[in-house]
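Model the full structure from these sequences, guided by the hints.
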Amino acid sequence: LLVLGAGPAGLTAALAAGRRGIRPLVLEKDGGVGGLSRTVEHRGFLFDVGGHRFFTRSREVEQLWREVLGNDLLTVPRRSRILYAGKLLAYPLEPRGLLAALGAGEGLRMLASYLAARIRPVRPEETFEAWVSNRFGRRLYRAFFETYTEKVWGIPGREIEADWAAQRIRGLSLLRAAASALLRTRRGPATLIRSFLYPRRGPGMMWDRFRDLVREEGGGVLTGHAVERLRVRDGRVVSVTARSPEGRRRELRPERVISSLPLPALLSRIRPRPPGGILEAAARLRFRAFVMAGLVVRRRDPFPDQWIYVHDPRFRAARIPTFRNWSPEMAPDGRRTGLGVEYFCDAGDALWRRRDADLLALAAAELQAMGFARRGEVEGGIVIRRAHAYPVYRLGYREALAAVREHLAGIRNLQTVGRSGLHRYNNQDHSMLTALRAVENLEGANHDLHRVNEDPAYLESPRR
6 LLVLGAGPAG
16 LTAALAAGRR
26 GIRPLVLEKD
36 GGVGGLSRTV
46 EHRGFLFDVG
56 GHRFFTRSRE
66 VEQLWREVLG
76 NDLLTVPRRS
86 RILYAGKLLA
96 YPLEPRGLLA
106 ALGAGEGLRM
116 LASYLAARIR
126 PVRPEETFEA
136 WVSNRFGRRL
146 YRAFFETYTE
156 KVWGIPGREI
166 EADWAAQRIR
176 GLSLLRAAAS
186 ALLRTRRGPA
196 TLIRSFLYPR
206 RGPGMMWDRF
216 RDLVREEGGG
226 VLTGHAVERL
236 RVRDGRVVSV
246 TARSPEGRRR
256 ELRPERVISS
266 LPLPALLSRI
276 RPRPPGGILE
286 AAARLRFRAF
296 VMAGLVVRRR
306 DPFPDQWIYV
316 HDPRFRAARI
326 PTFRNWSPEM
336 APDGRRTGLG
346 VEYFCDAGDA
356 LWRRRDADLL
366 ALAAAELQAM
376 GFARRGEVEG
386 GIVIRRAHAY
396 PVYRLGYREA
406 LAAVREHLAG
416 IRNLQTVGRS
426 GLHRYNNQDH
436 SMLTALRAVE
446 NLEGANHDLH
456 RVNEDPAYLE
466 SPRR
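Going letter by letter, the sequence shown gives residues 6 to 469 in my numbering.
Watch out, some of these pointers could steer you wrong.
[Said to hold, decoys possible] In the SDA-like style, the derived pairs of lysine to any residue whose C-alpha atoms are separated by at most 25 Å in a straight line are:
1) LYS34 - ARG255
2) LYS34 - ARG258
3) LYS92 - LEU107
4) LYS34 - ARG360
5) LYS92 - PHE320
6) LYS34 - ARG410
7) LYS92 - GLU404
8) LYS34 - SER244
9) LYS92 - ARG379
10) LYS34 - LEU284
11) LYS34 - TYR430
12) LYS92 - ASN330
13) LYS34 - ARG234
Calculated from the structure, these hints are not laboratory results.
Quantities reported herein were computed from a predicted structural model and do not represent experimental measurements.
Have a look at this one:
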């Protein structure tokens with residue numbers, strides 16, 4: 006078995022395969038494992054690439070996490086807030102906090118907007134804007150969702166498919182948010198979880214351990230190996246060519262392949278080339294890029310949250326995690342902490358191309374303007390870029406994805422898994438489930454991997 010990519014999906018597939026007596030080899034182009042869920046060290050400070058809560062409704066996945074890390078897996082009370090109009094509001098939104106920030110007059114106008122949406126919802130409900138407005142009211146959408154959504158995706162909410170909202174904030178409405186806030190219920194949508202698991206030294210600790218276990222089971226994990234070509238004959242992958250860190254080409258002849266590569270990248274490497282229409286469809290499957298300025302700040306605790314969501318349009322930053330509040334061991338001493346100032350962009354655009362020093366300066370200036378740290382308290386930092394961070398659900402993506410899926414279904418010994426491999430905004434537990442089901446398919450099961458983050462049996466249903 007050849008596994009392409011050593012993120013959560015690829016490593017889970019390799020470990021599951023090894024435990025079933027199938028010997029895997031994993032190829033990863035980066036110098037380390039973990040993909041988007043890796044941890045980066047700078048001067049003793051640990052930075053989580055994007056912030057990763059370990060939460061799942063799957064007993065199978067949670068048991069695997071606990072087995073792999075044991076006592077190194079912490080339980081962390083969740084705390085996140087929204088920076089809006091110079092005020093910090095609890096997230097998920099709580100009615101009392103909203104009223105205090107907005108005033109009774111604006112609160113009543115938002116309530117009226119919500120009631121109007123319930124009486125006369127937008128139909129058809131095809132876009133993110135319509136989906137959220139129908140559940141929260143258009144006025145609340147404009148105040149709290151519109152700015153942040155456009156920061157993250159770079160396009161208006163009216164150009165984003167409703168799929169994304171239905172997947173990410175399923176089961177949440179203004180009434181349910183209010184009930185959760187006022188009654189403090191323990192059960193509810195995953196969006197409202199009140200605690201999560203987190204590795205003691207960041208998520209990279211989990212995936213480093215997965216890599217070690219794959220090797221202990223007799224498999225291999227090769228980092229710095231970029232896949233260049235997959236040769237297909239008679240509906241099967243017959244060879245895969247990769248380039249080593251030293252520049253040497255290596256040709257492998259796998260019996261079966263599981264890939265977590267971004268679908269456009271995978272299609273571009275197949276030989277003979279797929280038909281032009283398929284390549285055009287793959288090119289329409291866009292990704293949003295992620296840039297984080299990880300700053301070392303001479304403050305122990307700039308704020309008590311794990312994350313601040315920046316809904317204020319005056320700032321380019323979208324989120325700010327403080328990693329000490331995920332785990333104390335993310336900072337090496339008690340006087341300073343690491344803050345991640347997160348930006349979203351398109352790979353190759355002006356923000357992406359900025360020099361590291363300029364990005365660090367931008368992040369420090371924005372932190373000061375928000376009141377979280379003075380520029381003189383910033384002691385340097387590190388810049389992290391990820392080109393394929395978030396699959397974009399732009400209107401029309403489903404038709405393009407369907408064409409790509411149909412083509413790939415004709416390659417009998419190839420399965421695609423994970424966020425990038427399915428072009429689906431999976432959390433890491435969903436990505437792991439796609440990998441586990443893919444390995445079961447190797448032994449005769451017939452799981453539809455695209456339903457793993459769609460079917461309630463896999464995702465939001467209560468544990469049974």
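Structure-based check of each hint:
no.: 1; hint: LYS34 - ARG255; result: holds, 13 Å
no.: 2; hint: LYS34 - ARG258; result: holds, 19 Å
no.: 3; hint: LYS92 - LEU107; result: holds, 10 Å
no.: 4; hint: LYS34 - ARG360; result: holds, 23 Å
no.: 5; hint: LYS92 - PHE320; result: holds, 14 Å
no.: 6; hint: LYS34 - ARG410; result: holds, 24 Å
no.: 7; hint: LYS92 - GLU404; result: violated, 41 Å
no.: 8; hint: LYS34 - SER244; result: holds, 18 Å
no.: 9; hint: LYS92 - ARG379; result: holds, 18 Å
no.: 10; hint: LYS34 - LEU284; result: holds, 22 Å
no.: 11; hint: LYS34 - TYR430; result: holds, 22 Å
no.: 12; hint: LYS92 - ASN330; result: holds, 20 Å
no.: 13; hint: LYS34 - ARG234; result: holds, 13 Å
Hint compliance for this structure: hint 7 alone is broken.
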